[in-house]
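Quick mapping for you: the protein sequence lines, in order, are chains A, B, C and D. Numbering-wise, the first sequence is residues 1 to 215 according to the numbering used here. Numbering-wise, the second sequence is residues 1001 to 1215 according to the numbering used here. Numbering-wise, the third sequence is residues 2001 to 2215 according to the numbering used here. Numbering-wise, the fourth sequence is residues 3001 to 3215 according to the numbering used here.
None of these hints come from the bench; they were simulated from the model. Keep in mind the model is a prediction, meaning the values are calculated, not measured. A couple of the hints might just be wrong.
Per the computed footprint, the stretches of chain B lying under chain A, defined by three or more beta-carbons under 8 Å from a beta-carbon of chain A, are [as the list claims (entries may be wrong)]:
id	stretch
1	1020-1029
2	1033-1040
3	1088-1101
4	1117-1127
Selected chain C positions facing chain D (Cβ under 7 Å, derived; list incomplete) [stated by the list, open to error]:
id	residue
5	D2027
6	V2038
7	L2041
8	V2043
9	D2051
10	L2054
11	V2055
12	F2072
13	L2076
14	V2080
15	H2083
16	A2207
Quick reminder that beta carbons are idealized off the backbone N, C-alpha and C, glycines included.
Protein chains: 4
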Amino acid sequence: MDTPAKPARGGERAAAKETGRIEAFSDGVFAIAITLLVLNLHVPEVVSATDSDLVPSLLNQWPTYVAFVLSFVTILIMWVNHHALFNYIHHTDHVFLMLNGLLLLGITVVPFPTAILAQYFDRPGQHVAAVVYSATFTLIAVAFNLVWRYAAHKNRLLHPYLDVDKVAALTKGYRFGPLYYLAALVLGFFSAPASVAVCMLLATYFAVPHEWHRV
Amino acid sequence: MDTPAKPARGGERAAAKETGRIEAFSDGVFAIAITLLVLNLHVPEVVSATDSDLVPSLLNQWPTYVAFVLSFVTILIMWVNHHALFNYIHHTDHVFLMLNGLLLLGITVVPFPTAILAQYFDRPGQHVAAVVYSATFTLIAVAFNLVWRYAAHKNRLLHPYLDVDKVAALTKGYRFGPLYYLAALVLGFFSAPASVAVCMLLATYFAVPHEWHRV
Amino acid sequence: MDTPAKPARGGERAAAKETGRIEAFSDGVFAIAITLLVLNLHVPEVVSATDSDLVPSLLNQWPTYVAFVLSFVTILIMWVNHHALFNYIHHTDHVFLMLNGLLLLGITVVPFPTAILAQYFDRPGQHVAAVVYSATFTLIAVAFNLVWRYAAHKNRLLHPYLDVDKVAALTKGYRFGPLYYLAALVLGFFSAPASVAVCMLLATYFAVPHEWHRV
Amino acid sequence: MDTPAKPARGGERAAAKETGRIEAFSDGVFAIAITLLVLNLHVPEVVSATDSDLVPSLLNQWPTYVAFVLSFVTILIMWVNHHALFNYIHHTDHVFLMLNGLLLLGITVVPFPTAILAQYFDRPGQHVAAVVYSATFTLIAVAFNLVWRYAAHKNRLLHPYLDVDKVAALTKGYRFGPLYYLAALVLGFFSAPASVAVCMLLATYFAVPHEWHRV
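This is chain A alone, in the form it adopts within the complex (with noise of 0.2 Å):
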């Protein structure tokens, strides 16, 4: 099995097609890792006698809901970014494709780094938790600026029209997400509420729009 480099016919409606369907695609990871978080909030199984049992089992299970949100909220700031990449992004080749793979593998990982810190967010483990978890978006950050990098590196994969400023202002932008998770990482050592915190702010502050932030 090979890969051919180039589509059968050249011109602009091929390069369409075939950004397109990386897209298609990346959505479809996106879409679903998004979805299976859902399969980490489970019922909890109460022998009851009353109503007022089953509440506290299913409020014992807050650090699930937490994991869950949060995860949910980072994916999609992160599919919204990949969305947002994809308008620079004029044709693609396959070393692109293998690294937006990578950025893909990272995302689908992620219900696995949840369910971990749901299980030992509030108890012993705790710390192995949260310092995984945000290794994992530490990684989809890096993966995240190696896919914008490669294809703006001297406009290789941009539309060429594009202004060289504001390739330059986003590539500056983008830089600090792997930088932050980091943070977050390091954190997690000490204290694992205070790495999910910041996992929190991050996800708030590139949820909420701020026009002062933007580049």
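We have chain A; now place chains B, C and D onto it with these hints.
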């Protein structure tokens, strides 16, 4: 990581592509959430000597089937409405993406209250189950209103040539969803079957075409 | 929440967009349901001393594999037919969306009877399993006919320039699906293998191209 | 249910729509299969007193991670190839849909041999696991060749203006996939690590862009 507010190229095509990708992502989440509901249907483990033992085991799971069908139809109707709403929306912005994400968060979570309802509908815990179930749809209906109102406010994201009266009528129409589900929620404290019956009535009401209940 | 009957803008493009999104949603549900079937394949837990213990454990699960492949092929054929049907459909309405939703409900549920069949095919309960399995496909075939007949009735939703004889021939062709699966259902009361064999024959019959069995 | 061989309207647009929907459905199946792999990653249950107990539990699962990444990358490459292949394909027919369905059946099933490999790689049963794993990819590679050869035979489904030499070169290129995986399969009888190493080499070989290994 930062979200560029504007697509690289202005103009009609970029806007169409932009809403197109949100629709595709949303469709993906709706389609996955609606399909994951089947994972709540478990094959009963019967160490039976005859066929006649499997039949009652399957039938005893009736709350599971009811919850499955009810959630399926309700998500389907939510999708139909979401689909209708995007016929009016011309472009998007960051806040809209986040509000739509909130709506999708609600849709994604549906398999969880569905499983709670299925497991506790015919035994103690049923009131909690019914309240959690209808609370989920109340929140989804609220998110739905937020999405629409944000888009419709001063024609922010709508097609410019839309009839103002039509938009106002739609806003009025969508407004009742949260109230209906809130009624089901309140009922749940007193009677789980009554609460679920209201959810069924709502699903039926919206599923059956009523020319007269259209705005 | 209310479903507007008409898109904001009339005309060809809006109609194409409208059927396009139903096709995309339906494709999503078909694709997810067909892929979720794999979750029925469980890795046998063998505390083995040698490789030779894993082989029989894997082979003993043969009903699981048969059910998996049969359901996969049947859903695939349903998808091919759904896909063919939309070549003729030009626009949609609320009733059509709901009937298509009923069809998708059937497709979504397939992993459940597949799991029942896999678990009970080679032990008591097999008749029930075979009946439930073929009943599911009977209902899907009925829903398929409802979707088509609603669309085709007086050319309600079809392309205006379709040949009347062609439409009538298609209606005639689709008509037999429910009857075939009903036969499998009835057979299931007497012999589970015979019932499953009929389902296999149907899948093979529709999978293999027969110019002669085309209308 | 019957499959009309021809779309309602002949012409370029109908053909584009037709291949478009197969691509969308295939993309969906690829995206879901690749994302479901994460369900094989289980959170270890540790009744620990300290964090230091969770780390070895997570690390002990290394075969699970290896199998996850290997299957992810392999499916990704299959998707890239599938995507490339459809750049050459102009229209479809019933046999092609079924052969493509066979390929998707193979892709869909991947999480199962991946789980087997993950569970048995470091204990007895490893030879069986490695053989089953590489056998799956052998079959997928065979299906891939069938899809391409059926489409390419006498330019049956290709763009009419494709270069004959190019098509022949592609056919030659795709031919080796099944042989490589067959080698991994045979190796599996003697050494599971060697078999998996070959699968890794193949994934790396195809993932890394080699201008020199292009046809």
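These are the hints, each one checked on the structure:
1. Given a C-beta distance limit of less than 8 Å, the hint that chain A covers the stretch 1020-1029 of chain B holds, as 6 residues qualify and 3 suffice.
2. Using a Cβ-Cβ cut-off of 8 Å, 3 residues of the stretch 1033-1040 of chain B lie near chain A, which meets the minimum of three, so the contact claim holds.
3. Evaluation of the coverage hint for the stretch 1088-1101 of chain B: fulfilled, as 6 residues show C-beta separations to chain A shorter than 8 Å, against a requirement of three.
4. Closer than 8 Å: that is the beta-carbon criterion, and the stretch 1117-1127 of chain B has 6 residues meeting it against chain A, so the requirement of 3 holds.
5. Here the hint on D2027 of chain C is kept, as its CB sits about 5 Å from the closest CB of chain D, short of 7 Å.
6. Look at V2038 of chain C: its Cβ gets to within about 5 Å of chain D, closer than 7 Å, so that hint holds up.
7. Checking L2041 of chain C against chain D by beta carbon gives a least distance of about 4 Å; that is within 7 Å, so the hint holds.
8. The criterion of a C-beta within 7 Å of any C-beta in chain D is met by V2043 of chain C, whose closest approach is roughly 5 Å, and the hint holds.
9. Among the interface hints, the one on D2051 of chain C holds; its C-beta lies about 5 Å from the nearest C-beta in chain D, closer than the 7 Å criterion.
10. Annotation: L2054 of chain C was flagged as interfacial toward chain D, and the flag holds, the nearest CB pair being 4 Å apart, inside 7 Å.
11. Against a cut-off of 7 Å between C-beta atoms, the interface hint on V2055 of chain C holds, since the closest Cβ of chain D lies about 6 Å away.
12. About 5 Å separates the beta-carbon of F2072 of chain C from the nearest beta-carbon of chain D, less than 7 Å, and the hint is met.
13. A distance limit of 7 Å between C-beta atoms decides the matter here; for L2076 of chain C the minimum to chain D is near 4 Å, and the interface restraint holds.
14. With 7 Å as the threshold, the beta carbon of V2080 of chain C comes within range of chain D, its nearest partner Cβ sitting at about 5 Å, so the hint holds.
15. With a least beta-carbon distance of about 6 Å to chain D, the hint placing H2083 of chain C at the interface is held under the 7 Å criterion.
16. The beta carbon of A2207 of chain C is positioned within 7 Å of a beta carbon in chain D (closest approach about 5 Å), and the interface hint is therefore held.
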